[in-house]
Structure formats: C-alpha cells, structure tokens
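Numbering (UniProt numbering), first residue to last: 1 to 713.
Please keep in mind that the hints were generated in silico from the structure rather than gathered at the bench.
A virtual CB, placed ideally from N, CA and C, is assigned to each residue, including glycine.
Hints should not be assumed to be uniformly reliable.
To be verified - Simulated restraints, written as ranges between beta carbons of each label pair:
{"#": "1", "residue 1": "F618", "residue 2": "A222", "range": "46 to 54 Å"}
{"#": "2", "residue 1": "K346", "residue 2": "R705", "range": "31 to 39 Å"}
{"#": "3", "residue 1": "R350", "residue 2": "Q225", "range": "32 to 40 Å"}
{"#": "4", "residue 1": "A328", "residue 2": "T166", "range": "36 to 44 Å"}
{"#": "5", "residue 1": "R641", "residue 2": "R705", "range": "14 to 22 Å"}
{"#": "6", "residue 1": "A92", "residue 2": "K346", "range": "29 to 37 Å"}
{"#": "7", "residue 1": "L422", "residue 2": "R350", "range": "37 to 45 Å"}
{"#": "8", "residue 1": "N661", "residue 2": "A92", "range": "52 to 60 Å"}
{"#": "9", "residue 1": "V580", "residue 2": "A643", "range": "43 to 51 Å"}
{"#": "10", "residue 1": "N661", "residue 2": "R705", "range": "16 to 24 Å"}
{"#": "11", "residue 1": "K346", "residue 2": "E458", "range": "38 to 46 Å"}
{"#": "12", "residue 1": "P695", "residue 2": "S27", "range": "57 to 65 Å"}
{"#": "13", "residue 1": "T166", "residue 2": "E458", "range": "22 to 30 Å"}
{"#": "14", "residue 1": "Q225", "residue 2": "E531", "range": "33 to 41 Å"}
What the hints assert, rightly or not - Keeping only pairs whose Cα atoms sit at most 25 Å apart, straight-line, the calculated SDA-like set for lysine to any residue is:
{"#": "15", "residue 1": "K662", "residue 2": "T625"}
{"#": "16", "residue 1": "K387", "residue 2": "T625"}
{"#": "17", "residue 1": "K549", "residue 2": "E494"}
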Amino acid sequence: MEDAYARSITEVLDFFGVDPGKGLSDSQVALHSKIYGKNGTPFWKLVLKQFDDLLVKILIAAAAVSLVLALINGETGLAAFLEPFVILLILAANAAVGVITETNAEKALEELRAYQADIATVLRNGSCSSWLNSCKSVGSSIFDLVRFLFVGVQSVCGCFSILPATELVPGDIVEVSVGCKVPADMRMIEMLSNQLRVDQAILTGESCSVEKELESTIATNAVYQDKTNIIFSGTVVVVGRARAVVVGVGANTAMGNIRDSMLRTDDEATPLKKKLDEFGTFLAKVIAGICILVWIVNIGHFRDPSHGGFLRGAIHYFKIAVALAVAAIPEGLPAVVTTCLALGTKRMARLNAIVRSLPSVETLGCTTVICSDKTGTLTTNMMSVSKICAVHSVHRGPTIAEYSVSGTSYAPEGMIFGSSGLQIEFPAQLPCLLHIAMCSAVCNESILQYNPDRGIYEKIGESTEVALRVLAEKVGLPGFDSMPSALHMLTKHERASYCNQYWESQFKKILLDFEIVYMLSSGSLAVSVLEFSRDRKMMSVLCSRKQTKIMFSKGAPESIVSRCSNILCNDDGSTVPLSVAVRDELESRFHSFAGKETLRCLSLAFKQMPIGQQTLSFEDEKDLTFIGLVGMLDPPREEVRNAMLSCMTAGIRVIVVTGDNKSTAESLCNKIGAFDHLEDFAGRSYTASEFEELPALQQTLALQRMALFTRHG
Numbered sequence: 001m002e003d004a005y006a007r008s009i010t011e012v013l014d015f016f017g018v019d020p021g022k023g024l025s026d027s028q029v030a031l032h033s034k035i036y037g038k039n040g041t042p043f044w045k046l047v048l049k050q051f052d053d054l055l056v057k058i059l060i061a062a063a064a065v066s067l068v069l070a071l072i073n074g075e076t077g078l079a080a081f082l083e084p085f086v087i088l089l090i091l092a093a094n095a096a097v098g099v100i101t102e103t104n105a106e107k108a109l110e111e112l113r114a115y116q117a118d119i120a121t122v123l124r125n126g127s128c129s130s131w132l133n134s135c136k137s138v139g140s141s142i143f144d145l146v147r148f149l150f151v152g153v154q155s156v157c158g159c160f161s162i163l164p165a166t167e168l169v170p171g172d173i174v175e176v177s178v179g180c181k182v183p184a185d186m187r188m189i190e191m192l193s194n195q196l197r198v199d200q201a202i203l204t205g206e207s208c209s210v211e212k213e214l215e216s217t218i219a220t221n222a223v224y225q226d227k228t229n230i231i232f233s234g235t236v237v238v239v240g241r242a243r244a245v246v247v248g249v250g251a252n253t254a255m256g257n258i259r260d261s262m263l264r265t266d267d268e269a270t271p272l273k274k275k276l277d278e279f280g281t282f283l284a285k286v287i288a289g290i291c292i293l294v295w296i297v298n299i300g301h302f303r304d305p306s307h308g309g310f311l312r313g314a315i316h317y318f319k320i321a322v323a324l325a326v327a328a329i330p331e332g333l334p335a336v337v338t339t340c341l342a343l344g345t346k347r348m349a350r351l352n353a354i355v356r357s358l359p360s361v362e363t364l365g366c367t368t369v370i371c372s373d374k375t376g377t378l379t380t381n382m383m384s385v386s387k388i389c390a391v392h393s394v395h396r397g398p399t400i401a402e403y404s405v406s407g408t409s410y411a412p413e414g415m416i417f418g419s420s421g422l423q424i425e426f427p428a429q430l431p432c433l434l435h436i437a438m439c440s441a442v443c444n445e446s447i448l449q450y451n452p453d454r455g456i457y458e459k460i461g462e463s464t465e466v467a468l469r470v471l472a473e474k475v476g477l478p479g480f481d482s483m484p485s486a487l488h489m490l491t492k493h494e495r496a497s498y499c500n501q502y503w504e505s506q507f508k509k510i511l512l513d514f515e516i517v518y519m520l521s522s523g524s525l526a527v528s529v530l531e532f533s534r535d536r537k538m539m540s541v542l543c544s545r546k547q548t549k550i551m552f553s554k555g556a557p558e559s560i561v562s563r564c565s566n567i568l569c570n571d572d573g574s575t576v577p578l579s580v581a582v583r584d585e586l587e588s589r590f591h592s593f594a595g596k597e598t599l600r601c602l603s604l605a606f607k608q609m610p611i612g613q614q615t616l617s618f619e620d621e622k623d624l625t626f627i628g629l630v631g632m633l634d635p636p637r638e639e640v641r642n643a644m645l646s647c648m649t650a651g652i653r654v655i656v657v658t659g660d661n662k663s664t665a666e667s668l669c670n671k672i673g674a675f676d677h678l679e680d681f682a683g684r685s686y687t688a689s690e691f692e693e694l695p696a697l698q699q700t701l702a703l704q705r706m707a708l709f710t711r712h713g
C-alpha cells in the first residue's frame, strides 16, 4: 500500500480487512502472504554475469567447436578432450574469482539487514478487546482504570505474541516501544504514550529523532520526511510506545527499495572493459580471417588419401584452423584482469571500502566528484555534548562560566576544559557540573551499554538523552570514586553506566503505590514523571534522597529559563535569585550555541519539593533553580578533515548531500574543510528549493561550484 500515509486510519484498516482489536486471523495471514510475496536475487544470474565478456565468449565458442570435432572424429581418451577441457577450466576459475568477490560484496550490502528487526510484537487472533468491552458496563471510572491497567497486562492475556519479523504480512497489528527496531513499514493507528519519536537517520540522514503522529499527510508525492504517520523498517523507536498496522514488507519497504536499487544499478562499461571489448572484437575478426584463409589455402589437400576422403580432409584442416584460433586467443587475459581487480578489491576491503562490482575498481582512478552523505559518514551519528554553560557567580566576575567537553562517541571517555583551555581534573567538585551530572543521570529514560561483539558503546533511546548519560560519566563522582585510576579499573560493561547508576541509587525515582496510581475522585492519573510534550518542551521527574524530595527537569532553554526564579552558582554552590541581567546573559549564550555554533541545546534545573509529596502536576514546574545549559552535536569523524584534504589535493571535488537543515550542515562543512576556508558560502551551498528555482544554465554553473546540498533551510 504505497499511499498509506495519505489515508485515514480507518481507510488503511479497511483496505487490509483487519480489526485493530483482534489483528489478522490465520487465514488472513496465509492469504496476505500469497498476495504480498517476498523477492529474492537468483544466484545463477551472478554466475552468468561472469561470462558476459567478448573474449570469454570467443573462448567458449572455440572450446565448443573443439569438443564437437573430437566427438565427430570419434576420438577417445583424455588427449582428445584436453584442449576444450583446459579452456573451460580456465574460464571456470575466472568465473569463480568473480563470483566469490561479488558475493562477498553482496554480503557486505546485506549489512543493511542488520538494521532490520529480528522479532516483532504482533496481535493475531486476538480476543482481549471483547474482555475489555465487557468492563464498560461496570462504570466509566472503573472502565478507565481497567483500560489503564490493560495496557500493561495485555500481553499476558495472550493477544500479543512475539514472532520473527520475517513472518509479518501487510495488515498485521504491531506494537513498538523504546529500543525496538521497526520490523516493517507501518502506518500509525494508536498512540500508547504522550508521543512517539523515531531515529530514522539510517534512512534520511537526519541526526535528530523525528516525532510521529496519527493524522494523515496531505501531500500526494511526499518524501520520507513528510510521512509523519509512517514508521519505517530499520528505524529505531527512541521515545514512547504505539501501535501500527504493517503496510509494507521485504522489498516493498523503504529500506528494501534502497537495497534493491543498489542491486539493480545499471553498470556502465568502464574504460578498461571498453578497451578489452574493442580488442576482443578486433582479435576475433583477425583470427577468423586467418583461420578461414588457412582453411581455404588447404582446400587442395582435402582429397589427400591420408585423410580418408574429402569430408574428413575438410574437417581435419578445420580442426587445424580452430587450433590456430585457440592458440592465438590469450586465454589467460580474462583471468589476469579478474585477478588484478580482485586484488584491488581485497586491498580496498582492508580499508573498509566495499566494492560491489569488480570493474568499478578500475574507474576509481578516474573519480572527479564524490557525493557523500553527512550523518554517519562524515559524522559519527553519535550525539555528544561539546559545550556547557553555567552561572559562575553573581557577586564577582566572570558571571557565566563556559566549559568544553572532548569526545566524539558514546564511549564514556573524555575531558572537560575551562574557558582558559586548561583541563579540569575533578569536574564533580564544581557544584554546577555535579548537579548537571545528577540531573543528566536521573531525568533520563535512555540506556548506555557496551556491546562486546562489536566492541563499541551503544544506545537504547533518544540520542540526546544518551549524550547526557555520557556527560554524567565524564563528569564523574565526588571523592575517591572520581579518580581516573579508580574508573580505569572497571570493565567496559561496568564503566558504561557506573556514575549513572550511582546517581540513580542516590536519587530514587518515586514509585507510586497501587492505591494512588489512579485517583477515582478526580478521574485523572497520578504520576511521578511528567513526560516531554510539545507545548511544554520539557520533562520532569520526582526523586527522593534520604529525607528530601527533589524534582529534576530538563528541556528547551527558553522553556526552562522562563520557569526559573533562582540559579545555582558554580563557585560556592549557593542559590540566588535569577536577575534580569543574568537571564539576558543566559539567553545570549543560548542563541550563540544554537546559532553560530549550531548546537542542539538543553537546559537543566531542579526544585526542592515538600517531603510528603508523592506525585507531580504541571503546576509544580515553576520556581525552578537553573543548573546549566548544555550544547550537543553530531560530531565529525576525526579522520574526515584529512580525507577531505587528500581528495582536494588529488583534484576530487566532494559534495555533501544531507537531509539535515542548512545551517547545521554548513557548520559541519566548515569544520571539515569542505568550503576550503571560505567565509561566504554563497554559491557553494544550496537547498533543494533554492536549486530548483535556478534557471537551467544557472543550475549547470551551480553544480560546478556546489559543495553542499541540503533538503531544507
């Protein structure tokens, strides 16, 4: 269903004939499996491709003729078939090298499948909805309570089951939550949380997560970014929980289209292949002429008695002509060319460069332009905190303290530097940095973990939240535990969350008792966590530490600062009223971070709460104490700048193509040297709309100078 994004939820469900409360029946699954089949790539096509060469075809023809003549003459023994056997053996070896090399490349392309989910939570043959509907007769309040509890226990009732993602068919009802890889292209039908955010950088190149919604999209020819009600196969849910109906599986998904387009790419003949084909054509004509001439010259010898007749004499000299042709053809040339290209492919593989087609190795030397994606290619695709801003003191200058943070990945390794450029040995001894670490660890729903198989630190959840967890690890802990020698003694698995677990053990999140989970008198849910929402642009969590209750908050700087009445000073840890002058200075730093430096900014705050308070309301999010401002970005890879310089030195232009916004992409390109240190980016950077508005001639000229192409401004 290609236009599911433009249809209403009811239309999509009716199209597949599925009840959202029951899911597909077994008979419907079998029917849909037949209608929406999966595609495969035959192995024989890859083998056949290796013989698509003129010289190889000539050798096959020569071997076939030699074999036929041997059979006609009734010759027996190995010597009679030695010539065609050797030719075919050489060709088989040549084909084997090509198949193995290209199969390895195809396996590398199959890494796209690593982004696809292995399992899915699917609703089939469900009957829980009837049980839920029967509760309506009890009363509206009780029904609402049952419905709330039903969300948490529905899987126990047997409605939902865990199935391999490969068994999904269009029309299946699937539930996704934080950390889930989306198993297929799906249309949202129900939101089970305040919001659902998905990391679809693998598909669109956008480093920030994207919020999804239920409403249909008006645009008829919408691009992936416009399909806000579709969650795409291979993307990852980072915030929230929802249900969706499968609308595309296998090759009919966005990721499947990308993979198939890579495999279907038409291979243009390379200069070497063109020369070899020309040589093969010339050689075939010359050899054919010589062979015909040799055969014609010996017509007079056809009747020689030693041949046993005119026909046998003709065949005898035809065999001589064929032998001459086989001797003249360089049988080893295809094998030599294939071997050389395979060696080049192997060398490139050591440098993590995947070569899908052997002949393309030769064309790399002719490269003049490289179009590169930004997210995950030029950048690490790992959000990292790079700047921290806090109030140093309101009594003695400077008022604002600014810190830089090193590290470009999720590894909890990095240092914090002051405005003077000197490293801060024990960041946790500074009150603001200490409270930033507390808030980053506690007001957080993500997980940072070490993957021993891949040897890297990985995230589960929102990338900005994981960046805060990494920052908490870099700040460390007060006392002996913050000593580098103590932290280095930990295993990588322990190090991933050592400081975060410490703060989470110190600040216990309030877990509500059953009797106050639902307030029947007010008819509203009681919560200890206020989730992020579009209108508030912040989230808060209520925690207890010893005999105190503290609310930690984080969110957009303008939302947090507007709710703050006090500030935490970094020099002595005192709390003082937030003055207009300090507020203006903080807003100035925020605009500098978000504007010139194109950082994604979050502000952190806290509030002392009454000892007996167990729940939070939106009214509690006022009179906060400002802790600090953090700026984060998707940092460029360390090796990119030198790679850009090498390309420019070799006369190769690099054009960055990204789905990110223009200002963020321009900032990155400036850092990696894509603009060649130019101050004015005019004529070098274009959005899609800006480029389309240019006349045809101007577009041609723009392509000659372009260094950056973005989707939007």
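Here's how the hints hold up against the structure:
1. F618 - A222: 46 to 54 Å: Violated: the Cβ-Cβ distance is about 34 Å, outside 46 to 54 Å.
2. K346 - R705: 31 to 39 Å: Holds, since K346 and R705 (Cβ atoms, about 37 Å apart) stay within the stated range.
3. R350 - Q225: 32 to 40 Å: holds, 36 Å
4. A328 - T166: 36 to 44 Å: Since A328 and T166 have Cβ atoms about 53 Å apart, the given range 36 to 44 Å is violated.
5. R641 - R705: 14 to 22 Å: This hint holds: roughly 21 Å between Cβ atoms.
6. A92 - K346: 29 to 37 Å: violated, 21 Å
7. L422 - R350: 37 to 45 Å: Because 40 Å falls inside the window, the suggested range holds.
8. N661 - A92: 52 to 60 Å: holds, 54 Å
9. V580 - A643: 43 to 51 Å: holds, 48 Å
10. N661 - R705: 16 to 24 Å: holds, 21 Å
11. K346 - E458: 38 to 46 Å: Between K346 and E458, where Cβ atoms are some 30 Å apart, the hint is violated.
12. P695 - S27: 57 to 65 Å: Because 59 Å falls inside the window, the suggested range holds.
13. T166 - E458: 22 to 30 Å: holds, 24 Å
14. Q225 - E531: 33 to 41 Å: violated, 24 Å
15. K662 - T625: violated, 35 Å
16. K387 - T625: Satisfied, since the Cα-Cα distance of roughly 20 Å is no more than 25 Å.
17. K549 - E494: At roughly 28 Å apart (the allowed maximum being 25 Å), E494 and K549 break the hint.
In the structure shown, a violation is registered for the earlier hints numbered 1, 4, 6, 11, 14, 15, 17, in ascending order.
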